[in-house]
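Protein sequences appear in the order of chains A and B.
Each residue of the first sequence is one higher than the one before, starting from 38 at the first, in the numbering used here.
Each residue of the second sequence is one higher than the one before, starting from -5 at the first, in the numbering used here.
It is worth saying that the hints were derived from the structure and are not from the lab.
It cannot be assumed that every hint is accurate.
Stated by the list, open to error - Listed below are several chain B residues computed to face chain A (Cβ distance under 8 Å; list not exhaustive):
1. Trp137
2. Asp185
3. Thr205
Claimed, not checked - Rough simulated footprint, nothing fancy, chain B against chain A, three-plus residues with beta-carbon under 8 Å:
4. 40 to 52
5. 158 to 171
6. 215 to 221
Cβ atoms here follow ideal geometry from the backbone N, Cα and C, with glycine treated the same way.
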Amino acid sequence: MWYPIAASHDLPFRHVYHAKLLDQELAVWRADDGFVNIWQNRCLHRGVRLSIGINDGQELKCQYHGWRYANRTAGCTYIPAHPDRAPARTITNRIFPCVERYGLIWSALETPQGEPAAGLSLDETPLVLRGIAVRAPAARVTELVGSADMSATLFVQPADSGSCIIRGLISPAPDAAKRLETLRYYNDMLSALRDTAERQA
Amino acid sequence: MIFYDYALSANAYKVRLLLGMLTIPHSTHFVELYPGRENLAAWFRNINPLAEVPVLDDDGLRLCESHAILIYLAARYDAQQSWYPTSSAPALGAVSHWLGFADRLGSTAGAARLHDSLFVPTDIEAARAGAHLLLRVLDEHLWFAEQAGRNWLCPAGHPTIADLACFPPIILSEEGGISRQEYPAVRRWCDRVKRLPGFTVMPGVFPGGPTGSKEEVLF
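Let's have the full structure, built from the sequences with the hints guiding it.
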């Protein structure tokens, strides 16, 4: 199934977002053409995290020895130690599936069937709540979220066995005048839910 | 102006950043804290009885605490008065709040780093737990700042010395075993600090990426 792993607002111009889904670390970055790349968070050279790399708009460059990987294909385009040779085509980072819907970035370890199921129609543009990281197992947090009395559509992203992130949408989005107040209200509600889950964990 | 510096000092890095961003001419005197313990030598204790860097000597005026040096340099050498907004009481209050927060970061995240890298004794688990509590508070603050269209710790539309004071213990946190993965708004703010004109790196800090010709867009 599809899980939300980031919000669209987590991918500002030339940033690299550091995500985790089901124990898999991910480097997530938007190229200047708008394409969102979700890759294994590991340079193929020395295993350094690509989430500390440089997003130059077209390629992601590793901070250690400058290996470069292309937008969309994740193929290695340049190895500074061999400036005259094109890298072999087999040097390609692992790519994870990606769909951007409702202001969230969705992924999975294996490509799921169909669309992310959010119970919303495609033309809706909901308000995206602040993701709340919780140091408690996703299963327990999912129970708490299910029993919470909230008019938000909530999702639990399992990060690893002991932590998860609650992500939420409000649809229809409130008026601009109520936007910050609404974000604050749900942030406080979900933070309280987080504190409950963490006390029990 | 003489700046007493040590390459691995997070507190000295705060001053180094502001000296670079305001392009203030100075000479640097390196003091080898580790392994040489040159800070314990009589000549340096004469300069700073606390035996710590950074120290600034500006034509005989001597200042020791990193935040005191930031305040002095900004108040004295920033013609725009934006780094330390001396004419606005609310802005000064906000800057002071985050300077205090930077101290807390230093005694948690900073202490964990010194424990792991320079073998300074500390309660490492308490230090890491304290740092995570602070980062959680900071992430929420910065996320709501972004939602209100602001980029920096204080409400002004420009960075202040508070940003420079908080940046070193945060960007070096992984050297103390403190991941920033759960704090995406903090990670974005780190990118913004790295893209300030005059930004310099130190060991353990990577440079920021190019912003390109496009205006940096937050949302």
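Evaluation of the provided hints:
1. Given hint, tryptophan 137 of chain B at the interface with chain A, holds; its Cβ is 5 Å from that chain's nearest Cβ, closer than 8 Å.
2. At its closest, the beta carbon of aspartate 185 of chain B sits 6 Å from a beta carbon of chain A; the interface hint therefore holds under the 8 Å criterion.
3. With a least beta-carbon distance of about 7 Å to chain A, the hint placing threonine 205 of chain B at the interface is held under the 8 Å criterion.
4. Counting residues of the segment 40 to 52 of chain A whose beta carbon lies closer than 8 Å to any beta carbon of chain B gives 7, which reaches the threshold of three, so the coverage claim holds.
5. Look at the segment 158 to 171 of chain A against chain B: 3 of its residues bring a Cβ nearer than 8 Å to a Cβ of that chain, three or more, so the hint holds.
6. A count of 4 residues in the segment 215 to 221 of chain A with a Cβ less than 8 Å from any Cβ of chain B is obtained; the coverage claim is therefore met, three being the minimum.
Of the numbered hints listed earlier, not one is contradicted by the structure.
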